[in-house]
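Residues per chain, in single letters:
Protein chains: 2
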Amino acid sequence: MTVTAPQGFRASGVTAGLKPSGKPDVALVVNDGPSDVAAAVFTTNRCKANPVLWSEQVMRSRRARAVVLNSGGANCYTGPQGFQTTHASAELVADKLTIGAGEVVVCSTGLIGEQLESDKLSAGIAAAAEWLSADGGPAAAEAIMTTDTRSKQAVRSGEGWTLGGMAKGAGMLAPALATMLVVLTTDAAVDADTADRALREACRLTFDRLDSDGCMSTNDTVLLMCSGASGVTPDEATFTELVRDLCHDLAQQLLGDAEGADHDITIEVVNAASEQDALDVGRAIARSNLFKCAVFGKDPNWGRILASAGTTNAEFEPGELDVAFNGVWVCRGGEPGEPREKVDLTGRAVSVTVDLKAGGESATIWTNDLTNAYVHENSAYST
Amino acid sequence: MTVTAPQGFRASGVTAGLKPSGKPDVALVVNDGPSDVAAAVFTTNRCKANPVLWSEQVMRSRRARAVVLNSGGANCYTGPQGFQTTHASAELVADKLTIGAGEVVVCSTGLIGEQLESDKLSAGIAAAAEWLSADGGPAAAEAIMTTDTRSKQAVRSGEGWTLGGMAKGAGMLAPALATMLVVLTTDAAVDADTADRALREACRLTFDRLDSDGCMSTNDTVLLMCSGASGVTPDEATFTELVRDLCHDLAQQLLGDAEGADHDITIEVVNAASEQDALDVGRAIARSNLFKCAVFGKDPNWGRILASAGTTNAEFEPGELDVAFNGVWVCRGGEPGEPREKVDLTGRAVSVTVDLKAGGESATIWTNDLTNAYVHENSAYST
Numbered sequence: 001m002t003v004t005a006p007q008g009f010r011a012s013g014v015t016a017g018l019k020p021s022g023k024p025d026v027a028l029v030v031n032d033g034p035s036d037v038a039a040a041v042f043t044t045n046r047c048k049a050n051p052v053l054w055s056e057q058v059m060r061s062r063r064a065r066a067v068v069l070n071s072g073g074a075n076c077y078t079g080p081q082g083f084q085t086t087h088a089s090a091e092l093v094a095d096k097l098t099i100g101a102g103e104v105v106v107c108s109t110g111l112i113g114e115q116l117e118s119d120k121l122s123a124g125i126a127a128a129a130e131w132l133s134a135d136g137g138p139a140a141a142e143a144i145m146t147t148d149t150r151s152k153q154a155v156r157s158g159e160g161w162t163l164g165g166m167a168k169g170a171g172m173l174a175p176a177l178a179t180m181l182v183v184l185t186t187d188a189a190v191d192a193d194t195a196d197r198a199l200r201e202a203c204r205l206t207f208d209r210l211d212s213d214g215c216m217s218t219n220d221t222v223l224l225m226c227s228g229a230s231g232v233t234p235d236e237a238t239f240t241e242l243v244r245d246l247c248h249d250l251a252q253q254l255l256g257d258a259e260g261a262d263h264d265i266t267i268e269v270v271n272a273a274s275e276q277d278a279l280d281v282g283r284a285i286a287r288s289n290l291f292k293c294a295v296f297g298k299d300p301n302w303g304r305i306l307a308s309a310g311t312t313n314a315e316f317e318p319g320e321l322d323v324a325f326n327g328v329w330v331c332r333g334g335e336p337g338e339p340r341e342k343v344d345l346t347g348r349a350v351s352v353t354v355d356l357k358a359g360g361e362s363a364t365i366w367t368n369d370l371t372n373a374y375v376h377e378n379s380a381y382s383t
Numbered sequence: 001m002t003v004t005a006p007q008g009f010r011a012s013g014v015t016a017g018l019k020p021s022g023k024p025d026v027a028l029v030v031n032d033g034p035s036d037v038a039a040a041v042f043t044t045n046r047c048k049a050n051p052v053l054w055s056e057q058v059m060r061s062r063r064a065r066a067v068v069l070n071s072g073g074a075n076c077y078t079g080p081q082g083f084q085t086t087h088a089s090a091e092l093v094a095d096k097l098t099i100g101a102g103e104v105v106v107c108s109t110g111l112i113g114e115q116l117e118s119d120k121l122s123a124g125i126a127a128a129a130e131w132l133s134a135d136g137g138p139a140a141a142e143a144i145m146t147t148d149t150r151s152k153q154a155v156r157s158g159e160g161w162t163l164g165g166m167a168k169g170a171g172m173l174a175p176a177l178a179t180m181l182v183v184l185t186t187d188a189a190v191d192a193d194t195a196d197r198a199l200r201e202a203c204r205l206t207f208d209r210l211d212s213d214g215c216m217s218t219n220d221t222v223l224l225m226c227s228g229a230s231g232v233t234p235d236e237a238t239f240t241e242l243v244r245d246l247c248h249d250l251a252q253q254l255l256g257d258a259e260g261a262d263h264d265i266t267i268e269v270v271n272a273a274s275e276q277d278a279l280d281v282g283r284a285i286a287r288s289n290l291f292k293c294a295v296f297g298k299d300p301n302w303g304r305i306l307a308s309a310g311t312t313n314a315e316f317e318p319g320e321l322d323v324a325f326n327g328v329w330v331c332r333g334g335e336p337g338e339p340r341e342k343v344d345l346t347g348r349a350v351s352v353t354v355d356l357k358a359g360g361e362s363a364t365i366w367t368n369d370l371t372n373a374y375v376h377e378n379s380a381y382s383t
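So the sequences go chain by chain: S and G. Position one of the first sequence corresponds to residue 1 (our numbering), numbered consecutively onward. Position one of the second sequence corresponds to residue 1 (our numbering), numbered consecutively onward.
These aren't lab readings, by the way, just hints derived from the structure by calculation.
Below 25 Å or equal to it, Euclidean Cα-Cα: the simulated DSS-like pairs (lysine-lysine) are:
| # | chain 1 | residue 1 | chain 2 | residue 2 |
| --- | --- | --- | --- | --- |
| 1 | G | Lys342 | G | Lys298 |
| 2 | S | Lys342 | S | Lys357 |
| 3 | S | Lys298 | G | Lys19 |
| 4 | S | Lys120 | S | Lys19 |
| 5 | G | Lys120 | G | Lys23 |
| 6 | S | Lys19 | G | Lys298 |
Nothing here was measured: the structure is a model prediction, and the numbers come from that model.
All chains should be built: construct the whole structure from the sequences, respecting the hints.
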């Protein structure tokens, strides 16, 4: 039941006709309280979609009663008319729920640069309000899918409180958030500061370390709504850890469903002088098309890993680097190590370890391989 | 006759057997003087190949008498044994030509992480020295090819002096040089300072603005050798302009032969607050896999261009950006402009113009689309 697993939430997912496929495309999640504490993290892309511009304003109060989400159109680069559509959506939700428009977060996903059909959207929102229910979580999760092949949901239980979540995103997954909409709900009674800190820490270690194709979206939003309906206030460390754990689960579901990918690649950079150094090296590797093509070809091409590491300013000596594929150290001290024939890359999961021998810090980045299917899907998406 | 077009140069290209295909793989270019002035630019990758480590030392004197180049192996990440192979190559060339090893630049290209077969290389160098001739330029240009489908050569004539050049490179083309070996020769009588300034300026505006796949090589070398045999000393502006023009020609040949590419894309960023801003935006676009896939799909997806621009710190207002594909302004003021149906992307040449409306500076970046053929070629290259 995901976002409706915690007490105090209702949700729905309906078909408004925004998607040519006729699949569900409008979702609504409502927090019935008693608390309306919320926290959100948005894309750091400077070219933000209209719903992000709107929702950033809403979230200044750190309170939200509802979130309305649509697939079938990102409402991005659609100017004042597009902003008007977003605003009208929030007003309509507010009207149906007898709350204020300033309490309604709006999220959109789909093609950018085209106006949403506001009549269809309005009708969809009205229907979504009618269909709200305490077991509407799965329907909502389905309605936010775009090129996703399956809906992404997760639930975690604390002591006397629950955390639920749904996510969408299958391409444009990159740091500073993936193309991704995530709604988390909890019935824990937490204050706005705690919710904000927990969400930021969770994002930093999970969604921000997904780098599927290096492309940063314009619509990314991660929203956490807290109803307080359980009456339980967990200690902050416990709360933060459960939020992080649930975000990790959703992030891995996103990675596993990335557009056209054959392999899920975990890049662990160890013995770095700083966490930032480890991240820089991990990201440089995750963004190398040559490396990603090699993994698609089941080729443990460690030379392309060193060539990527060499583009960073991280502290290391090129002649000291070790690299392993799936635990086989094919590069030792910047030279050929164990025979590459010992590496088997036929499975979906690929692990790459890079030892910088420059300190005690480490970081993990998750990415995918670059495949013919990725090229196909992204050359045909808007046509 | 390219590198042997100017007076004072001999060259050759032979088959040493380093390439499984049995095609030519060792080239030698010799400057018979009277001058031995030279300038070079190397990859800025910190993980440099052995020939680059050697050649950087050679070029400290800003003089060179010969360059020996091999395809069939990059001699990169091959440790002390690999460096020994490079050193022995230079010694052998020096021995054959009765010059010093410190006057011999060495370049290698091919797969990284594997030792070169030094016996074959030595035999090849001996043969190349035998075959040196004043019309050996084309043979040399052919011997440095890897995945190139054709050799790249160009010649320019000054008043009483000549400039020739050859290049190889078809993948891993990225800023701070492409995977690319370039040898330029001239019989102009220029001093080392002039040669160095002219070469750096030319590289900055040509090779450094190629960004085929965002991957920076470990072996990139651009070498300019000046024999002074014409006895003519052109003024520096004229000399610099001709070097730039010839480098532009070679860069466009590299772009046109990029691995698996269907389209050559020129990204011009205009009305930027600074040249660096224009470059940052241009590079961000050139590195967006989603944009590159869209061009492959003949889709003028300007949303992906704005999304890329939004990841930079360049000065601009997102709501003011204009974007054109092949002269059709599909985005005006951050919103849909002329109908995308007016854009025809069936030809190989695609031009993208982004107007930042933030100043008077501009810059051009050249890239390619991302295709199934690119993925295929780079997933199969080493296997």
